[in-house]
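2 protein chains.
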Amino acid sequence: MMDTQLVLNGFLKRAERYFPNKLIVSRTSETMTHRITFAEYAKRTRRLGSALTNLGMTRGTKVGTFAWNHHRHLEAYFAIPCAGAILHTINIRLAPEHIIYIINHAEDEILLIDGDLFPLVEPAIPYLKTVKHIIVMNDDKVAPQSSFENVHSYEALLAEADENFEFPDDLEETLPAGMCYTSATTGMPKGVVYNHRSIVLHTLGLGLAESFGVSERDVSLPIVPMFHVNAWGLPFAAINYGVKIVLPGPMFTPSLLLDLVEQEKVTVSAGVPTIWLGVLAEQEKNPRDLSSLRLVISGGSASPKGLIQAYEEKLGVPYIVGYGMTETSPLVSMSNYTTEMDDYSKEELLDIRASQGLTVSLIETEVVNENGLVPMDGKTMGELRIRGPWIASEYYKDERTAEAFRDGWLYTGDIAVLTKEGYIKITDRTKDLIKSGGEWISSVDLENALMTHPAVFEAAVIAIPHEKWQERPLACVVLKEGANATKEDLISSLEGQFAKWWIPDDVIFLKEIPKTSVGKFLKAKLRDDLKEYKVTN
Amino acid sequence: MMDTQLVLNGFLKRAERYFPNKLIVSRTSETMTHRITFAEYAKRTRRLGSALTNLGMTRGTKVGTFAWNHHRHLEAYFAIPCAGAILHTINIRLAPEHIIYIINHAEDEILLIDGDLFPLVEPAIPYLKTVKHIIVMNDDKVAPQSSFENVHSYEALLAEADENFEFPDDLEETLPAGMCYTSATTGMPKGVVYNHRSIVLHTLGLGLAESFGVSERDVSLPIVPMFHVNAWGLPFAAINYGVKIVLPGPMFTPSLLLDLVEQEKVTVSAGVPTIWLGVLAEQEKNPRDLSSLRLVISGGSASPKGLIQAYEEKLGVPYIVGYGMTETSPLVSMSNYTTEMDDYSKEELLDIRASQGLTVSLIETEVVNENGLVPMDGKTMGELRIRGPWIASEYYKDERTAEAFRDGWLYTGDIAVLTKEGYIKITDRTKDLIKSGGEWISSVDLENALMTHPAVFEAAVIAIPHEKWQERPLACVVLKEGANATKEDLISSLEGQFAKWWIPDDVIFLKEIPKTSVGKFLKAKLRDDLKEYKVTN
Chain R
23 MMDTQLVLNG FLKRAERYFP NKLIVSRTSE TMTHRITFAE YAKRTRRLGS ALTNLGMTRG
83 TKVGTFAWNH HRHLEAYFAI PCAGAILHTI NIRLAPEHII YIINHAEDEI LLIDGDLFPL
143 VEPAIPYLKT VKHIIVMNDD KVAPQSSFEN VHSYEALLAE ADENFEFPDD LEETLPAGMC
203 YTSATTGMPK GVVYNHRSIV LHTLGLGLAE SFGVSERDVS LPIVPMFHVN AWGLPFAAIN
263 YGVKIVLPGP MFTPSLLLDL VEQEKVTVSA GVPTIWLGVL AEQEKNPRDL SSLRLVISGG
323 SASPKGLIQA YEEKLGVPYI VGYGMTETSP LVSMSNYTTE MDDYSKEELL DIRASQGLTV
383 SLIETEVVNE NGLVPMDGKT MGELRIRGPW IASEYYKDER TAEAFRDGWL YTGDIAVLTK
443 EGYIKITDRT KDLIKSGGEW ISSVDLENAL MTHPAVFEAA VIAIPHEKWQ ERPLACVVLK
503 EGANATKEDL ISSLEGQFAK WWIPDDVIFL KEIPKTSVGK FLKAKLRDDL KEYKVTN
Chain S
23 MMDTQLVLNG FLKRAERYFP NKLIVSRTSE TMTHRITFAE YAKRTRRLGS ALTNLGMTRG
83 TKVGTFAWNH HRHLEAYFAI PCAGAILHTI NIRLAPEHII YIINHAEDEI LLIDGDLFPL
143 VEPAIPYLKT VKHIIVMNDD KVAPQSSFEN VHSYEALLAE ADENFEFPDD LEETLPAGMC
203 YTSATTGMPK GVVYNHRSIV LHTLGLGLAE SFGVSERDVS LPIVPMFHVN AWGLPFAAIN
263 YGVKIVLPGP MFTPSLLLDL VEQEKVTVSA GVPTIWLGVL AEQEKNPRDL SSLRLVISGG
323 SASPKGLIQA YEEKLGVPYI VGYGMTETSP LVSMSNYTTE MDDYSKEELL DIRASQGLTV
383 SLIETEVVNE NGLVPMDGKT MGELRIRGPW IASEYYKDER TAEAFRDGWL YTGDIAVLTK
443 EGYIKITDRT KDLIKSGGEW ISSVDLENAL MTHPAVFEAA VIAIPHEKWQ ERPLACVVLK
503 EGANATKEDL ISSLEGQFAK WWIPDDVIFL KEIPKTSVGK FLKAKLRDDL KEYKVTN
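Residue numbers (this note's numbering), protein chains in the order written: chain R, 23 to 559; chain S, 23 to 559.
Some hints here could point you the wrong way.
You can't tell identical chains apart in this list, so a pair holds if it fits in one copy or across any two.
[Claimed, not checked] No farther apart than 35 Å at their CA atoms in a straight line, the calculated lysine-lysine pairs in the DSBU-like style are these:
1) Lys419 to Lys35
2) Lys556 to Lys453
3) Lys154 to Lys419
4) Lys35 to Lys453
5) Lys163 to Lys547
6) Lys336 to Lys287
7) Lys35 to Lys547
8) Lys442 to Lys35
9) Lys35 to Lys457
To be clear, the hints were calculated from the coordinates, so they are not data collected in a lab.
Using the sequences and the accompanying hints, generate a full structural model.
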């Protein structure tokens, strides 16, 4: 067999050859929407490759992007790796010291920054050690004023560049193509490097009928940011499969997203549950025509069952939960139904949909505890570990590699059970799990149950030290405004739903649960605040 | 990223873990149909791996199969490559001297032969130089009487073998996994070796929504033989995606195939046009319920438009033409519609369907002539060349490699044009093309036109030498029984359809067109017979 290398260059060639008339709809500001064809896109991408090469980009050069979802970002997605350089997408929501850390740690030499985001980065420039050029992506050809010498206008550079620029045709598939840093619970973000092979294979994964089945017939709206695990790979899929892609740009609202779905006849969209909650509320207020939508994909955190139900029953749109992380490119599993479920009850089907799903082709998952592999019984917990051709094997130049990558597996730090169908159901994070008398208690299960109580706004359950049982659960609850409930009310609402020894020893009432910058519970803080807490009864 | 190897072993593990209850329906004789689950299949495959290992199979051992489509053949499809050995599927329809040649050339050490086919092979045994064991696949545990010492019963071997046999977990993806010989126009068949990587990637190709979209929801009926380019890859796809598979065994009829579709609720099936013609005729006589069928795939030779139309309009079943060859695993392109065609007329759509289609992901095709790449104009002819990760790079130990594999491309010997949408349309074989005055004339186009004449049964158009124009077309026609047509009738039927210089210089009437063993026109013979022919007018 030919040893044809699995590189992104083939995707770009395919797009320009077979799908020249397909559209990229790209919003770059609240007032500006661009519509360009794949043919124009390919020429602009070649121009960008040429311009970056003129600025010194060569194989292995790291080029950072600091941008929303739009066509220029998509041009960078191909111009950089197809030239053999490395696309480093930077999370614009990180704290300034983290942004400085990752640009220096990655050793980015060129940065592509959105015009409206440039003021965010500018104060950091004096601390950046390796950056030689900054290119500002604006709709006009004017670079902003800056004390930094080499600030260029993206459109001015492109105007002068070569639209027939030839990307190299001898890239190896193991060549790094992209990188993305993921926030750590403690310390600086950790970097993951993708290579051409992993991105190409992941793109095939997205195109499989068994997963999302992305194809030329789709219109794709990635709401998940392009700085977050490559917008789950949808931009690469769009170019390879000839998919019309709609990029919502900066400061989008649920209302704008729904308008885009209706106007552009979006068939598939991807985002986090918070987005889908907002979109649902807007749709219930101001209904749009969503008949084109064949699938919404949700990931990043667990989806409440009520949300899934609302999409499937009220809006008539299949709502599929996927599981993955920065380290996994991200697609690992998804909650599609198999034919075995054709006679399941509504409730059983909802259980499946809300799970993290069935592992996709080429990826291997296992759930392990001290007794080895857990059975498919829906209740034995263990840590989820993953391996496969688009799973990271290390953190980039980082000692924390040793914690997560062992014996050829990525240890996710997620605690899971396997349903009888082999579907993954995340029950906790390793660090949040409560180990009571040698048994494990899922803090997430208890929280979910508490949050169904009508008086409860938020609930976090944490482990507190216990002399006899090592650890016992403590419920930290925020009540809804004006609502009333006692400790006894809440405890009795849990009884019957859980084994007796799962029931929290105590409930304390708080004004709010401390949270991370992306809105997740900061349980480490809560545990720290309450480390001296003793159950009084 | 992890360097996880793309090997078939993962497919088998996936099948037994996630799809243990899926069925393999397998007909092994006119009276015997087996129904086994994937769980049972996996155990039997492990037993077979163990039994073959006991007989001396090790990495690189060639194991030949000489069998119909049934579950035992499917067991061999995984037991052999998952052990690191090479599955050599032998075409049972070859002439005895070709069978002897390829078994000796491949150096098969073990043969798996169907009970009813054993008498075909037995006379050849004394000429086989490397075969040490023959295993006969029968429903009982009794090996046939033979003068060859090591003839075993498949079921007897399996009964004694280990159902927990562990396949190695350290295979490299470039390890050869299978081989298949393809008939040559002249000389002995030529061997193609597949490796694990090429088969895994080809299986992903079959699972893409843009191609056949094979998934767990399918029920697959491969009519194309498992000794012919791995039944186009469908058996590998079935195991990986958890697809119920229906294997029609020996001596099936159109009536049996239709019964299987109806009874087993087949959703996708694949075969050559001749099969689909027979199935259509039977369905028109005795209609079955075909509502489960979402797709028939046709390949191997061109499909007449009338046939496609009958499936799509009369039976309501999409009929997709695929293009490929033994050297290409085989999937290269397929005639799916793109959204651009949503407003095409019925006729335009039929033209697309009858073409060889759009090139699938990861595969690159080009059509080249002496002026370089041909434009997408639907008329400029050139030779089709192909490259990609599941395309062969050579013939196994064969000097003819140099003719077909050049500059990193497989030269197919097929003459094609590209439609304006970039779809491939095969117009001729290189050797059958007529080169007149520096221009090319497609013999196939002229034949197709002649065969629409009501009096014509068969027509072959060949090149005859010409002093001024180098070559000119000559039509060789077989009239239908009792029908009458003169040379002038036929010539005038072509006028208007073709440029004047395309019209054959003469028409001769024959009793029959010489054919190959698989029913294709033997134009080399015809050219040879007529090499002294001079146009008389």
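Going down the list of hints, with the structure as the test:
Taking the shortest alpha-carbon separations for Lys419 and Lys35, both the intra-copy value of 33 Å and the inter-copy value of 34 Å come in at or below 35 Å. With identical chains, the CA atoms of Lys556 and Lys453 are at most 35 Å apart within one copy only, with a shortest distance of 21 Å there and 90 Å across copies. Proximity of Lys154 to Lys419 under the C-alpha cut-off of 35 Å is restricted to the intra-copy arrangement: shortest distance 22 Å within a copy versus 54 Å between copies. Proximity of Lys35 and Lys453 under a CA criterion of 35 Å is satisfied inter-copy only: 31 Å between copies versus 46 Å inside one chain copy.
For the identical chains of this complex, Lys163 and Lys547 are neighbours neither inside a copy (47 Å) nor across copies (69 Å), given an alpha-carbon limit of 35 Å. Taking CA atoms no more than 35 Å apart as the test, Lys336 paired with Lys287 passes in both settings, with 19 Å inside one copy and 32 Å between copies. Taking identical chains as interchangeable, the C-alpha atoms of Lys35 and Lys547 are never at most 35 Å apart, the minima being 50 Å within one chain and 42 Å between chains. When the C-alpha separation of Lys442 and Lys35 is checked against a cutoff of 35 Å, the pair qualifies only between copies, where the shortest distance is 17 Å, while the shortest distance within a copy is 44 Å.
Taking the closest pair of Cα atoms, Lys35 and Lys457 come within 35 Å of each other only across two copies (32 Å); inside a single copy the shortest separation is 54 Å, beyond that limit.
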